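Undergrad: Just so you know, the sequences run in chain order A and B. Per our numbering, the first sequence starts with residue 9, numbered consecutively. Per our numbering, the second sequence starts with residue 8, numbered consecutively.
Hints are not guaranteed to be accurate.
Partial chain B-side listing against chain A, Cβ under 10 Å, derived [what the hints assert, rightly or not]:
hint	residue
1	P12
2	G15
3	P21
4	M175
5	G187
6	H190
7	P259
8	G262
9	M591
For the record, the hints were derived by calculation from the structure and aren't laboratory data. All of these numbers come straight from a predicted model, not from anything done at the bench. Glycine residues also receive a C-beta, built at the ideal position from the N, C-alpha and C atoms.
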Amino acid sequence: MLFEVIHTTDYRYSEPVSEAYLEARLTPPHREEQTILSHKIEFQPGAAMSDYVDYFGNATTFYSMTLRHERLTVTNRMSVQTKPRRPLGEALGIPLAEARQILASSLTDVFDYLQPTPVVPTGGISTEWAKKILKGKIPVGEAVESLNRAIHEKFEYKPGATELHTPLATVWKKRAGVCQDFAHIMLSVLRTAGLPSRYVCGYIESDAPPGPGGRKLIGSVATHAWVEVLLPGMRWLALDPTNNQWCGERHITVALGRDFEDAAPVRGTFKGSGSQSMKVRVTMRRLPEKSP
Amino acid sequence: MPIQPVLGSSFFQPAAANLPPPGGAYLHLSGISICRLPGGELAVKHHYFSNASGMSYMIQNRRALARVIPQSFQETSIHSIADAPTDILEMLRSMSQAPEPKVVLLSPGAGSAVYSEHSFLARRMGIPLVQGGDLLVLNDAVYLKTVSGLERVEIIYSRISDQWLDPMAFRRDSLLGVPGLVHCIRKGTVAVVNGIGSQLADDRALLPLAGHIIRHYLGERPLLKSLPTYWLGDIDQREMVIADLSDYTIRPLHGERILLGGDGRQPSAGQVNSVREEILRNASHFVAQPQDCDAETVCYQDGRRAVRRQDHIVFALRRPDGEYDVFPGALTRVSTDETPYTSSELGGGSKDTWVQVGFEPESENWESPRSIETILPSAYVTSRVAEAFYWIGRYMERAYSLAGMVGAIESLELEELNPTERTHYRPVWNRILPMLEGGGVATRRTISNPAGRYRLTLDIEEPGSVVSAILRASRNAESVSETLSLEAWGVLSTLRDRFQQTRFRPDAAPEILTSSSRKLCDFARALIPQFFGTAECTMLADGGWKFCEIGQLIERAAITANAIGSISGPLLQPAEESAGDHAMEIRLSAFLRLLNSRDIYRRVYQMRIEPVPLLDLLWKNPVAPRSVTRCMRGCAALIAGSEDTASPATDRAVAAIGALVQAIQATDWNSLMDSPPARQSALQAQSDELLSKVLGIHDLIADGFLNHQIHMRHETQPLFARP
């Protein structure tokens with residue numbers, strides 16, 4: 009499928025700001041299932057940008073604005089060609105306990121994706137869920153899929169129920185949240201069960217595609233978040249607990265990390281006396297594809 | 008190596024992964040603490056790899072001893088450590104290829120327990136001592152903000168813990184760091200010493216592995232063994248330690264805290280039990296070392312001998328050629344009367360430590376008892392410091408003016424004005440007062456009653472009150488406490504304490520309110536000039552102090568201009584009634600009294616008060632204290648005359664002030680007042696115009712010297728050219 013995405017992040021200040029620094033993780037990686045046809049990040053007001061690759065492999069853009077300004081906008085445009093993800097085959101059928109053993113043998117590579125983070129603690133109620141759903145004898149593919157479904161069923165998708173920094177314990181208690189919370193809950197249970205997993209930030213086509221069977225998906229106006237879990241053979245399986253499905257052609261991967269903090273699309277530091285508010289808008293449009 | 012203490016350490020910073028280490032190595036200046044085992048052997052007790060904390064004490068102990076018993080240095084040849092700061096500076100400078108690289112010492116500021124060490128080292132090395140707010144990232148490079156402009160910084164000797172160093176990369180809530188610093192390291196434009204992540208190496212859980220690490224990575228045999236150290240996250244080691252807990256010193260993986268032991272004494276059963284519980288709650292956070300490790304020594308103190316425990320921290324430096332030098336001295340830490348611990352953070356003392364040169368008494372290498380400081384301290388004024396001084400000047404002047412106004416009104420009320428006079432005075436007061444705190448305040452202030460005046464004096468919630476201005480001035484003063492003289496600080500803190508210790512009781516009887524406002528305002532009127540005078544007598548007349556004076560003058564000019572603007576419309580208009588001239592004179596007299604300028608007027612004009620001479624006095628007079636012309640000329644002289652501020656911004660500011668003074672001098676008040684139909688608006692318009700120019704001088708000074716908007720616009724010009 010061919011998509012065009014426009015993602016704007018708009019900062020407004022109550023007082024002009026004299027220094028602003030932003031780090032944007034907005035460059036989608038080339039992957040087997042996605043080809044980047046064009047991509048451009050634009051900052052207003054314009055200033056020097058410089059790029060680097062971060063610890064998690066994300067192409068990151070650093071921007072600094074040291075002149076007084078009243079508003080700051082980041083616009084991310086891209087067109088991306090996606091295709092169905094390659095089947096994971098036998099790895100899915102390995103019993104979970106065995107998968108865990110195999111993965112633990114390459115601990116230095118997966119260590120980061122097994123640890124609790126300040127945002128995604130492990131243990132506690134996650135242990136109960138892990139024991140109930142991620143049983144050692146079940147094939148790992150089946151187990152993580154039923155976890156994905158359980159989160160979708162037991163948690164309500166409710167915009168406004170949580171904020172950017174609502175602790176995970178509150179999400180557990182409320183049983184409601186947005187895609188970021190769904191992903192964090194899933195990561196907490198997976199890591200508690202010893203399955204290395206990571207947070208994915210990206211875009212999703214939410215409008216129902218034309219034709220019969222087209223389903224509207226959640227996650228339209230802002231960026232979307234889901235989870236990747238590592239399987240033996242060092243391949244990642246992407247699951248979207250918010251929409252209760254395996255990720256496919258309608259998902260575009262942008263940034264990865266242990267949690268939202270690592271993969272946040274744009275984060276900034278501002279110097280000035282006032283406060284700032286941020287508005288995010290994402291539009292994702294499917295384009296007609298030329299027949300080959 | 009176990010994975011946990013490395014990848015799982017809270018000091019492992021993923022955001023800093025793959026950064027180029029400064030000069031090709033992570034550690035350049037480090038310490039280790041060593042102790043003596045019961046058998047007499049020396050062993051390593053702890054690594055202070057990331058941060059050679061305590062170096063200044065090593066140097067200062069030697070200096071102190073050389074002063075107290077110089078003869079002992081003449082009879083013994085001791086290796087000198089006087090050059091240590093020079094050696095460190097050379098090492099730091101080698102981190103950059105630039106011909107004259109700029110080195111700064113980055114400190115968390117005066118709030119840090121070891122700030123005196125930062126200050127000592129910076130002074131001895133002759134490099135600026137800066138805080139995060141002094142530095143700025145521009146086009147992937149780090150700059151020091153000084154009153155003379157932005158200066159590229161190539162090397163930072165950091166004494167801030169990594170996690171606070173850059174809010175973009177590490178803790179988001181850090182106010183101590185420099186946003187974007189890590190990115191500059193990545194781009195190779197700046198070196199931070201020691202390398203980010205070095206704190207990982209201080210983890211006590213790594214100490215048992217030290218021998219393996221040395222053998223594996225260096226292919227050498229360790230010269231000193233490590234003190235047996237047990238990581239309690241390991242179940243076997245934990246069980247062994249817990250079985251004989253009282254034989255051990257229990258410490259966390261980082262920091263100076265001691266849970267148990269460390270004092271050579273048998274702990275009580277209660278202590279042992281509570282520590283056991285704490286260990287079991289969070290075992291992986293602790294290590295155990297044998298209690299029996301510090302040597303005993305005898306000290307002679309206050310005429311008696313006392314047995315003390317002692318250990319040593321020795322420091323080493325990595326030379327630019329990659330070799331290591333151990334400084335021939337140590338920080339020897341001793342327990343004191345107050346504490347059984349050696350660590351200075353826990354109250355321990357320290358003493359000088361000698362390394363002897365061979366056995367010949369006549370070695371050329373002995374310490375001269377009166378070594379002259381070769382490095383002169385640099386009087387560096389960063390923009391942060393200048394800005395704090397600027398606001399001290401402004402807030403103190405603001406408090407002074409307002410206290411004068413409230414005090415004047417209280418005196419007038421005491422003189423029992425007749426009702427007619429009051430009706431003439433009050434509009435003047437009420438108009439002038441609110442301008443002290445520029446707009447945006449919703450509550451209407453009144454000074455017509457004692458409660459209103461009391462609030463303007465002592466209400467902390469009221470941003471424009473005398474107490475608020477004083478508190479703001481003292482907060483700014485605290486942030487630069489190391490540059491403010493003790494005497495000036497003494498005056499300011501006396502003033503602040505008096506206001507803070509007076510309880511705010513707005514519901515008290517009017518007489519009490521009146522007397523309280525009066526006393527406090529009189530006190531402020533006495534102490535604020537004392538502050539300025541004391542500071543001038545006791546402080547370096549450097550760029551920092553100059554900005555305090557500039558702030559004072561700008562505030563005064565702004566208050567004068569604002570006050571005139573607020574009355575120029577209605578109050579200069581002669582009243583129609585019979586007592587018109589008299590009423591006018593009362594108003595003008597009230598006005599001058601509030602600005603503390605009535606006596607000045609009389610001395611200058613020796614006639615009754617009239618609008619045009621009044622305007623001339625307050626705008627144009629070259630010598631009257633409140634005159635805008637005098638204040639502005641004073642500012643220009645300070646800016647132009649200071650070498651610290653020589654920069655393009657200087658010319659710009661001096662030119663703008665010159666233009667303003669010219670505009671003031673060219674204004675003909677008579678003609679503005681004489682064209683009847685439009686006279687009010689013409690006068691008002693000119694007043695407003697001049698006022699906005701006065702306020703514009705503030706922006707110009709702030710942008711030119713303090714926050715560098717002007718300079719940066721110049722630097723970044725090409726970036727702003729739109730295609």
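Undergrad: State for each hint whether it applies.
TA: Comparing the hints with the structure gives:
Taken as an interface hint, P12(B) does not check out: its beta carbon lies about 12 Å from the nearest beta carbon of chain A, beyond 10 Å. Hint on G15(B) holds. Least Cβ distance to chain A is approximately 6 Å, under the 10 Å limit. For P21(B), the suggested interface contact is upheld, since its CB lies about 4 Å from the closest CB of chain A, less than 10 Å. Given hint, M175(B) at the interface with chain A, holds; its Cβ is 6 Å from that chain's nearest Cβ, closer than 10 Å.
Given hint, G187(B) at the interface with chain A, holds; its Cβ is 5 Å from that chain's nearest Cβ, closer than 10 Å. Taken as an interface hint, H190(B) checks out: its beta carbon lies about 5 Å from the nearest beta carbon of chain A, inside 10 Å. Interface restraint check: P259(B) against chain A, minimum CB-CB distance 19 Å, threshold 10 Å, status violated. Hint status for G262(B): violated, given a least beta-carbon distance of 20 Å to chain A, over 10 Å.
About 42 Å separates the beta-carbon of M591(B) from the nearest beta-carbon of chain A, more than 10 Å, and the hint is not met.
The structure does not agree with the numbered hints 1, 7, 8 and 9 stated previously, though it agrees with the rest.
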